[in-house]
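Trainee: Now for the letters of each chain:
Number of protein chains: 2
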Amino acid sequence: MRLSLHTDYALRALIYLTATDAPAVTAGDIATAYGISKNHLVKVLQRLRALGYVETVRGRGGGVRLARPPGEIPIGEVVRRTEDLGEMVECFNPETNTCPLMPVCLLQRRLDEALKAYLDVLDGYTVADMAANRRALARALRL
Amino acid sequence: MRLSLHTDYALRALIYLTATDAPAVTAGDIATAYGISKNHLVKVLQRLRALGYVETVRGRGGGVRLARPPGEIPIGEVVRRTEDLGEMVECFNPETNTCPLMPVCLLQRRLDEALKAYLDVLDGYTVADMAANRRALARALRL
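These protein sequence lines are chains S and D, in that order.
Taking the numbering used here, I'd label the letters of the first sequence as residues 1 to 143.
Taking the numbering used here, I'd label the letters of the second sequence as residues 1 to 143.
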């Protein structure tokens with residue numbers, strides 16, 4: 001079981017944007033701090049912008065910044081919006097499902113219940129909670 | 001987020017073995033019923049045998065059968081043993097992690113807490129619970 005790189009990078013970018021004192025940062029800044037693909041991160045930031053979590057600052061010293069206070073960005077919400085939760089197992093996507101058990105399967109309901117419990121935990125925390133140790137994060141990211 | 005095919009097939013195989021009246025079935029029987037790869041299922045059954053969930057019946061009409069009552073096989077336990085839970089995100093595997101936040105990351109703890117909640121739900125159910133509608137399952141599998 002794993003989260004997609006897209007979700008992983010989205011959460012890391014939001015933590016970076018909360019930890020930094022800079023008014024705006026570039027995809028290159030974030031990618032370099034984490035040692036990850038800048039191209040991939042550009043796509044992640046586009047998605048975060050489309051979702052209203054970050055906004056673009058134009059001009060000299062421009063880049064991206066949080067578009068909402070980090071205390072108003074629940075982790076569960078980010079995961080729900082960046083992760084393909086319809087792919088937990090094949091039958092979560094009725095269009096591509098081939099499992100003959102689907103109409104009578106009791107397991108599917110339990111996996112769905114377990115997924116809900118997973119997201120419920122993450123709904124209890126915001127990006128601000130993930131950056132409560134902001135100084136330690138800034139040091140780790142060499143900000 | 002998704003479970004591996006290995007876990008998906010392991011759970012399906014255990015449900016099949018609970019739904020069938022046959023004293024033993026072959027990998028081909030199960031693979032055909034679900035329309036999935038027999039080669040893959042052979043590996044899944046090998047793993048289930050190594051874990052003590054199924055056993056081999058030799059001779060004419062041989063194959064595999066459950067080695068434990070299905071009511072004594074918790075779903076959470078099967079998922080823990082067949083799924084690579086150390087790969088939820090990169091930092092869950094310290095050997096391959098490259099994220100500089102790892103020593104100070106608060107997100108990792110919350111993802112771990114969420115994963116625990118997920119497995120806790122599945123620990124509340126056994127393979128027998130997943131086959132409580134045994135007749136409907138048998139019909140869906142054309143047993």
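In short, the hints are calculated from the structure, not lab data.
Since the structure is predicted, the reported quantities are computational estimates derived from the model, not experimental observations.
Glycine included, C-beta positions come from ideal geometry on N, C-alpha and C.
Errors might be hidden in some of the hints.
[What the hints assert, rightly or not] Straight-line distance between alpha carbons at most 25 Å, and here's what the computed DMTMM-like set of lysine to aspartate or glutamate pairs gives: (1) S:K43 x D:E87; (2) S:K38 x D:E55; (3) D:K38 x S:E83; (4) S:K116 x D:E77; (5) S:K116 x D:E83; (6) S:K116 x D:E55; (7) S:K116 x D:D120; (8) D:K43 x S:E77; (9) D:K43 x S:D29; (10) D:K116 x S:E90; (11) D:K116 x D:E87; (12) D:K38 x S:E90; (13) D:K116 x S:D129; (14) D:K38 x S:D129; (15) S:K38 x D:D129; (16) S:K116 x D:E95; (17) S:K116 x D:D21; (18) S:K116 x D:D29; (19) D:K116 x S:E95; (20) D:K116 x S:D84; (21) S:K116 x D:D123; (22) D:K38 x S:E95; (23) S:K38 x S:E90; (24) D:K43 x S:E83; (25) S:K116 x D:D112; (26) D:K43 x S:E87.
[What the hints assert, rightly or not] Ranges between beta-carbon positions, derived for each pair: (27) D:L5 x S:D112: 17 to 23 Å; (28) D:M102 x S:D120: 22 to 28 Å; (29) D:A132 x S:N39: 36 to 42 Å.
Trainee: Verify the proposed pairing of K116 of chain S with D123 of chain D, using a straight-line Cα cut of 25 Å.
Mentor: This hinted pair holds, its Cα atoms lying about 15 Å apart.
Trainee: Are the Cα positions of K43 of chain D and E87 of chain S separated by 25 Å at most?
Mentor: holds (23 Å)
Trainee: Verify the proposed pairing of K43 of chain D with E83 of chain S, using a straight-line Cα cut of 25 Å.
Mentor: The hint is violated at about 29 Å.
Trainee: Compare the distance between the alpha carbons of K43 of chain S and E87 of chain D with 25 Å, and conclude whether the hinted pair is satisfied.
Mentor: Holds. K43 of chain S to E87 of chain D sits at ~23 Å (cutoff 25 Å).
Trainee: Can you confirm whether the C-alpha distance between K116 of chain S and D112 of chain D stays at or below 25 Å?
Mentor: Holds, at roughly 15 Å.
Trainee: Between K116 of chain S and E95 of chain D, is the straight-line Cα distance small enough, at 25 Å or below?
Mentor: violated (30 Å)
Trainee: Hint check: K43 of chain D vs D29 of chain S, CA-CA at most 25 Å. Holds or violated?
Mentor: violated (45 Å)
Trainee: Between the alpha carbons of K116 of chain D and D84 of chain S, is the straight-line distance 25 Å or under?
Mentor: holds (20 Å)
Trainee: For K116 of chain D and D129 of chain S, compute the direct alpha-carbon distance and say whether it is at most 25 Å.
Mentor: Given pair K116 of chain D, D129 of chain S holds - Cα atoms ~19 Å apart, limit 25 Å.
Trainee: When you check the alpha-carbon spacing of K116 of chain S and E77 of chain D, does it fall within 25 Å?
Mentor: The given pair, whose Cα atoms are some 19 Å apart, holds under the 25 Å limit.
Trainee: For K38 of chain D and E90 of chain S, compute the direct alpha-carbon distance and say whether it is at most 25 Å.
Mentor: holds (17 Å)
Trainee: Given the hint that K43 of chain D pairs with E77 of chain S, test it: the Cα-Cα distance must not exceed 25 Å.
Mentor: At roughly 37 Å apart (the allowed maximum being 25 Å), E77 of chain S and K43 of chain D break the hint.
Violated hints for the displayed structure, listed by number in ascending order: 2, 3, 6, 8, 9, 14, 15, 16, 17, 18, 19, 23, 24, 29.
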